[in-house]
Amino acid sequence: EAGVVQSPRYKIIEKKQPVAFWCNPISGHNTLYWYLQNLGQGPELLIRYENEEAVDDSQLPKDRFSAERLKGVDSTLKIQPAELGDSAVYLCASSLDRWLAGGNNTGELFFGEGSRLTVL
Amino acid sequence: EDQVTQSPEALRLQEGESSSLNCSYTVSGLRGLFWYRQDPGKGPEFLFTLYSAGEEKEKERLKATLTKKESFLHITAPKPEDSATYLCAVFGRTYKYIFGTGTRLKVLA
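Residue numbers (the working numbering), protein chains in the order written: chain A, -10 to 109; chain B, 55 to 163.
So that you can see chain A by itself, here it is in the shape it has in the complex (with noise of 0.2 Å):
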């Protein structure tokens, strides 16, 4: 089974420039994640989708991110302009139907290995 495929692996690019990534969720998966991670820290949610849905996106900076998942599968994320302080790995993940306890759902994400932004 593939996995969460994610692409550029790598980005660099000098700030105020555009920068879009795009992410492959794992195939029936409904819910995806986009989740912000600075060097030595945990994930930070930045958004979450339900299917088409944007449920959650109370943590993206909206005056210069955007996301999209159209038709409920592939998703982009996007960043303009971009600033020095965006450099991050942004990692996208997702995950089976709404959290549910205990069943045969461990309620797990699936990230995929991340797109590291640099930006000059």
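These are calculated hints, taken from the structure and not from any lab test.
The structure displayed is predicted, hence computed values, not measured ones.
One or more hints might be untrue.
[Said to hold, decoys possible] So the derived label-pair ranges between C-beta atoms look like this:
1. A:I1 to B:E114: 19 to 27 Å
2. B:S78 to A:D45: 18 to 26 Å
3. A:E33 to B:K122: 36 to 44 Å
4. B:E135 to A:D52: 20 to 28 Å
[What the hints assert, rightly or not] Residues from chain A that keep clear of chain B, each with C-beta distances beyond 10 Å, as calculated:
5. Q30
6. L59
7. V62
8. L80
9. V108
[As the list claims (entries may be wrong)] Calculated pairs, DSBU-like style, for lysine-lysine (alpha carbon to alpha carbon, straight line, at most 35 Å):
10. B:K160 to A:K60
11. A:K51 to B:K160
12. A:K4 to B:K150
13. B:K150 to A:K67
14. B:K150 to A:K5
15. B:K117 to A:K4
16. A:K0 to B:K160
Built from N, CA and C at the ideal position, the CB exists for glycine as well.
Chain B: place on chain A using the hints.
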């Protein structure tokens, strides 16, 4: 506010030297506590879910335990390939995964 604190920040062990990593948490309505392993340049990889105090899970040299305030990840006779960052996360009534900052483990041969 849900919160996770992991200690120590970094740990160096000799191969075969057992130890424990700590995850202290406060959460409203715990539904699950998670342990992940993250290798450099990779995304986190799931290890365990613990649902309630008193529960234990084991996988090879790793054993996770849970109380009402903290979780421990015990590593027995570690090997160099166990070197990684170990992340703890909680999921509660807010329906958000809250991650700690991780413990960087280095096992020396």
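Hints and how they fare:
1. A beta carbon spacing of about 38 Å between A:I1 and B:E114 contradicts the range 19 to 27 Å that was offered as a hint.
2. A C-beta distance of roughly 25 Å is found between B:S78 and A:D45, which places it inside the suggested range of 18 to 26 Å.
3. For A:E33 paired with B:K122, a C-beta distance near 25 Å fails the hint of 36 to 44 Å.
4. For the hinted restraint 20 to 28 Å between B:E135 and A:D52, the CB-CB distance of approximately 44 Å leaves it violated.
5. Separation of A:Q30 from chain B is inadequate, the least Cβ-Cβ distance of about 5 Å not exceeding the 10 Å criterion.
6. Every beta carbon of chain B lies more than 10 Å from that of A:L59, the smallest distance being close to 23 Å; the non-interface claim holds.
7. With a least beta-carbon separation of about 19 Å from chain B, A:V62 lies farther than 10 Å from that chain, consistent with its non-interface assignment.
8. Not every C-beta of chain B lies more than 10 Å from that of A:L80, the closest at about 5 Å, which undercuts listing it as non-interface.
9. With 10 Å as the threshold on Cβ separation, the claim that A:V108 sits away from chain B holds: the shortest Cβ distance comes to roughly 19 Å.
10. Restraint check: the Cα-Cα separation between B:K160 and A:K60 comes to about 43 Å, which exceeds 35 Å; the hinted pair is violated.
11. This hinted pair does not check out: A:K51 and B:K160 have alpha carbons roughly 39 Å apart, beyond 35 Å.
12. Of the pairs offered as hints, the one joining A:K4 and B:K150 holds, with about 31 Å between alpha carbons and a cut-off of 35 Å not exceeded.
13. Between B:K150 and A:K67 the alpha-carbon distance is near 22 Å, which keeps this suggested pair within the 35 Å criterion.
14. Proximity of B:K150 to A:K5 is assessed by CA-CA distance (about 31 Å); at most 35 Å being required, the pair is judged to hold.
15. For the suggested pair B:K117 and A:K4, the alpha carbons sit about 45 Å apart, so the restraint of at most 35 Å is broken.
16. This hinted pair checks out: A:K0 and B:K160 have alpha carbons roughly 29 Å apart, not beyond 35 Å.
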